[in-house]
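Protein chains in written order, with numbering that gives the first Met the number 0: chain W, 0 to 644; chain Z, 0 to 644.
Calculated directly from the structure, the hints in this document are not laboratory data.
Some hints here could point you the wrong way.
Stated by the list, open to error - Below, a sample of chain W positions facing chain Z; criterion: calculated Cβ distance under 8 Å:
#, residue
1, Trp353
2, Glu560
3, Ile636
4, Val642
C-beta: ideal position from N, C-alpha, C; glycine also.
In case you want the letters, here they are:
2 protein chains.
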Amino acid sequence: MSASLSSLKRILIGEPFPTHREIHERLDKVRALAIFASDPISSNAYATEAIMSVLLIMGTGALNLTLPLALGVMALVLLVVFSYIQTILHYPDGGGAYTVTKDNLGRNPALFAGAALLIDYVLTVSVSVSAGIRAVTSAVPWLLPYSIFLALLAIFILTMINLRGVRESGTIFAIPTYLFILGVIITVVLGLARFAGLFGLTPPVPPELPPHVELETVGNVSNWLFLWLVLRAFAAGCTALTGIEAISNGVQAFKPPEAKNAAKTMVAMGLIAMILFGGITYVATHIGLVPYEEESILSQMARSVTEGLPGGGFLYYWVQLFTMLILILAANTGYQDFPRLSSFLAHDGFMPRWMTNRGDRLVYNYGIITLAAISSIVVVIFRADEIAMLPLYALGVMLCFTLSQASMFKLMGRIAHLKPGEKMKTHVTEIHYEKGTWWKRPLNGIGAIVTGIVLVILILTKFTEGAWAVVIIIPILVWGFHRTNEHYAAVAKTLSLQDFNMAELHTIADVVIVPIAGVHKGTLQALRYAKRFSQDVRAVYINTNEEVHQRILRRWHEIGEITEGIHLVVIPTDFRDILTPLVEYIDQVNDVEFANQTITVVVPEFVPDAVPARILHNQTALLLRERLRHHGDVVIIDVPFQVHG
Amino acid sequence: MSASLSSLKRILIGEPFPTHREIHERLDKVRALAIFASDPISSNAYATEAIMSVLLIMGTGALNLTLPLALGVMALVLLVVFSYIQTILHYPDGGGAYTVTKDNLGRNPALFAGAALLIDYVLTVSVSVSAGIRAVTSAVPWLLPYSIFLALLAIFILTMINLRGVRESGTIFAIPTYLFILGVIITVVLGLARFAGLFGLTPPVPPELPPHVELETVGNVSNWLFLWLVLRAFAAGCTALTGIEAISNGVQAFKPPEAKNAAKTMVAMGLIAMILFGGITYVATHIGLVPYEEESILSQMARSVTEGLPGGGFLYYWVQLFTMLILILAANTGYQDFPRLSSFLAHDGFMPRWMTNRGDRLVYNYGIITLAAISSIVVVIFRADEIAMLPLYALGVMLCFTLSQASMFKLMGRIAHLKPGEKMKTHVTEIHYEKGTWWKRPLNGIGAIVTGIVLVILILTKFTEGAWAVVIIIPILVWGFHRTNEHYAAVAKTLSLQDFNMAELHTIADVVIVPIAGVHKGTLQALRYAKRFSQDVRAVYINTNEEVHQRILRRWHEIGEITEGIHLVVIPTDFRDILTPLVEYIDQVNDVEFANQTITVVVPEFVPDAVPARILHNQTALLLRERLRHHGDVVIIDVPFQVHG
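Whenever a hint applies, use it, and build me the whole structure from the sequences.
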C-alpha cells in the first residue's frame, strides 16, 4: 500500500530533485513575471471598476472623476513599485516587507507585516479561486450547486502543480498570463484606434443597460460626504496595488544575479500594470460605460470595442476566457509567496521549524500544503462566495506597504549619513553610500503616508463587513509567533551543551517492567529482550480475570527456560481499566524505588501485516505511551511481533 | 488537561463501578420492560396506521380489511413471542437469534442474523430519534432548520445516559414508557365505553378530513392486484413485530434467575403490545378514521375519543407528549442490544475483541459509542428524514425472525427425539426431554414461513426505495466478520506456544543504531542509553547540510566522555528526505550484517510540556516507526527528553 501511495506521489509531483539542482530550478524573467504578476495584473484589470462603483453612488455624472482618481492610484502604484525596487536592491537575499521592517523598525512591526501578508496570501487563493469558479458557473449554470467542490478541486490542482516545483509551475502558468495581457492590450489599442477614427473606424458605443438595472444615487451630497466618497473611491482603486509586493518576497526564486533580475521584472510588471490600468480606465470612461452587477467593466469594454468588427467576437471571447483563467491563476501568487514567507518566519523561529524544509521538488511543500488547507477552509466557510471575502482582503497588504515604505524611509535616512565610498552593516544587509537619497527618501515617506491613509479608510469602511476578523486575527498570529519563538528558545536552552555536566544526564536504573496480558510468543520475545539488558525484569499482569490469571501462572512455569529469574507481578483490580493500575505501578517504581533514575518499560506489540487489521487489536502500547509521556525518565521499548493474516 | 477531561467524564458518566457490583446493576422486570419494550410498544402503536395506508390505495371501503389483517398480524406477533420465549428458556445465557441460529443452522446463517440485527439496531436509533425530532419541530416550527443538529444532540444525550449504566438508564426511561402505555390504554377504554354508551356517553365521531386531503384510489382492482395489496398491507402491519427480539438478546441484563425473569417480561410485553395494537385497531376502525399525512391515526383517535369530554384536552396532550417521548426512547432498544450483540460476535472473534470489554459503568461502552457514531452518520446522510430511512428498516429484523424460528423448529425436532429424563448437549446449551414438542414445533415452523414471506414482500416492495442498500451491506458485513475471524485465527496460530521451540525466537544482535540530527543533551541521553546495552553503537547522521555536519563533528569530539567508542556514521544525500537513506541503512544492517537477528534502533525524542507544542517539532520518531513497522526484527526505543516551555 505504501508502495502504491509513493508511486501515486511520483505521478502527481514527479521524481525528486537533488539539492544541487536548486540553481536549475530558478526562474528566468519571463516565467517569473508570469508567476508573480498574475495577481497584480489581474487586480489592475479590475481597479477601474472598483473606483467607478463607489463614484456611481453620486450619480453617473460623478464618473467623470474616475480618470483623475485612477491617475492618483497609478501615481501611488509607481511610488510603491519604486519603493520595492529599492527594497530588492538593498536586500538582495529577499524577504520583502518582513525583512526590511525587521531590519529598520524592529521585530514586532516585522511580525505584524508577516502576519498581515500571510493572511492576505490565504485570501488571495480563496478569493481568486472563488472568483474564477464564479466565472465558470456563470457560463455553465448547471455547475452552480457544485461551486464549493469545484473551488476545492481548483485549489487541489494548483497545489499539485506548485508541488511539482517553481520552474514547472512557471511554465504552466506563463501562457495564459501573457495571452490575457495581449488580449487586453489589443482591446485597448483597438478602442483608441476607433476613437481616433483610424482606418475609417467609428467610435465605440456603450451597450444599453439591461432594463432592470436601476441606478440608485444619493443625489446632491454635502461637501464632507463628497470628500468621504472620493476617498473611498480612491481606496477602492487601491485594489490595483495588491500583489505588487509579490516579487520582493521571491527574489531567491530568480536566476542569478537575483536582485537585478527581480528588479528588472518588477519594472516590467509595473509598466504592464500601468498600461492595463491606464488603458482600461481611459477607454472605459471615454465610451461612457456604467458599472452594473451582471457584467464587468472589462467585459462591457471588450464588447463595445469589438462590436461590429470582423473577428471582434473572437477577440471578445479571447478576453473573456483568459480573464477567467487569470482569475484562477492569480491564486498562484499566494502559492509562491506564502511558503517563502513562512520559511523566513520559521527560520527566525516564529513558525514551526519544519516549514523551512524543502520537499522532493525543492519547494517549501509544508507551506504549500498549509496554504492549501487554510484557504480550502476559508472557501468552505464563505461557501466560495468571493464577494463576501473581499472586505477581509487588501487590509493586510496595505499594512505591509505602509510598514515597508516607512522602513525604506528610515533606511534612506541612514544611507544619507554615509560619505562617498563609506559602507555600513545593518542587522541583515550592508548599505553603501549612494546618490539621490534627498529625493528617494521623501518618495518613500509620501508612499508610507498615503498607503497608511488608505489602510485607515479600508478599515473604517469595511470593518463591520468582515474586516474586524482580520483586525483580530493579525495580533493573535503575532502572539502565536512570539509563543513559538519562546518555546524554541526554551528548547535550545534545555538542550544546550554550554556548561554541560555529566551529572545532568539521568542514570539508568537496572530495572525493566514488561506489562503482559497473556503468555505467548509475543510476550516471550519481549521478556527475552528485557532479560538481555537487566537483572531485574518484572512481568506485570493486571488481573481483571481470574481464569486468565490461572492460565498465565500455568504457562509461566511451563516456559521456565525464559521466565526463570523474571519476577511475575500480579496486580489485582476490581475495575476493567488496566492502564491506571499499570501506570500507578510504574510511577511507584520510578518515584520511590528508583527515584531520579531512568527506568525502562518493554511493551510487546502486535504488528499485523495490513494496516486496517490494527483496529482488531488493543492499542495498549499507544495508550501507555500517551499516559507516560510526561515522565521524562521512563524509556519505552516496543518489541514488535509480526502477525500474519 | 487530561485531569479536567477525566473529571468531565466523571460528571457525565459517573464514578466507575467495581466488577463485583455487576449483579447489582442487573435489571428488575419493571425496569427491563421499560428499557427493552419502548421500541416494540411504540411500533405496535403505529402498526394499525401502516396497514390502513396500504389498504387506502383501494379506497376507503377497503379499510374494512384493517381489523382482520391486524388480527393476522397479532397472531404472528403471538407466534414470534412464543418462539422467543422458547429461545430464552432453552438458551438461558442469552444471545437471541445469533446464538440460536449458530447452534442449530450453523455459523453462516448466524452471521447473517447478526449482521441483519446490527443494521436494524443502527436504524432503530436513527429512525426513532429523527421521528422524535420531527414531532418536536412540528410543534415548534422555528426549530426546523436545526433538526439534524437536534437529532445528533438527542443521540449524544442517549449515549451519555447509556454509558452511565444499564440500571440507571432503565430508571430514567421507565417513567415515560409506562405513562405512554397508560395514556393509550385509557384512550382505548374510553373509546370502548363511548361505543357501549356507558354513563350516557355518545359514540365518537371521526374528525373531518382537511379540505386539501384528496384520497387517490385505484378504484376496481384485479384479483391479483388485490391479493398483492393485501399482502403488502399485511407486511406493512408487521412493523408491529420490530423490537420483539430485543429481550432475547439481553437476557444477561436481568436479575437472576435471568431466563425466567426475561421470559416473564416477554409475556408482559406481548400482552401490552396486543392490548395496544388490538385496542387501537378496533377503536380506530370503528370510529371510521382515515389515515392522512398530517395527522397520525393515534392522534386522530385520541382527538375523536376525547372530543367534548371534560378533561379530554388533558388526555389528548398526554398521549401526544408521551408519544413524542416514546419515539425517542425507542432508540434505547438499539442502545441495549447493539453493544450486547457486538460483544457476542466479538467474543466469537467476528468483531474486534475489545468490543467485549466493559467500561467504567459495566456497560459495553465501545459498542455504545460505535452505535452512536454510525447512527449519527446515518442521520446526517438522510438529513434526519426518517421517512427516507424506513424502507431500509425492518428487513433485518424479519430475516432474523425467520432464522431464529427455523432454528427453534430444528431444535424442537432434536428435543422430540429425547426420551423422558434424557438430556443432551448441543454446541452451546443443554436440552432436556420436554412435553408438547408435537405442537410447539409446527408453531415455530409456521412462524418461520410467515416471517419469511413477509421478508420477501418487504424486499420486493421496498427494493428500489433503499432496501437494496441493506441487501448489499448485510453480505459485506458477513464477509468482514469472516475476515476478522481469519485474522484472529492466524494471530492465535502465530502466537501459540504449542510445540514451541526456543529457536523460533529471534536472537538479539549486539548492535544499536541511533539516528541523530545534532549533538545536544537529548542526543547524549540517547547515546548513553544505547551504550549501556551494546558494544556496537552507531550514531547515524544523514548529511543534508554541510554546515550542520561540521558542527556535529566539532561537538562530537568535545563530548568524548560519552561519544568515545561510538561509531559516527555520516551518510551524505543530495535530497532533503532523510528518512529514506536512514531506513536504507537500517535495512542493510538488518538484512546483510545481522541477517535473521533482531537489531535495535534508539530514537531520541523531544517531549514538550504542552501537547500543542508537538507541532513545533519534527515527528521523526513517529515517521520512522511507521516506516519500520513491517520489520518484525527491529526494536525501536524512544528515549524521551523533556523540554520545558
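Quiz item: How about Glu560 of chain W: closest beta carbon in chain Z under 8 Å, or not?
Solution: holds, 6 Å
Quiz item: Is the shortest C-beta separation between Ile636 of chain W and chain Z less than 8 Å?
Solution: Check passed: Cβ of Ile636 of chain W comes within 5 Å of chain Z, closer than 8 Å.
Quiz item: Are Trp353 of chain W and chain Z close enough, Cβ to Cβ, to be under 8 Å, as the hint says?
Solution: Hint on Trp353 of chain W: holds, closest Cβ of chain Z at ~5 Å, below 8 Å.
Practice problem: Classify the hint on Val642 of chain W as holds or violated, based on whether any CB of chain Z lies nearer than 8 Å to its CB. | Solution: holds, 5 Å
Of the numbered hints listed earlier, not one is contradicted by the structure.
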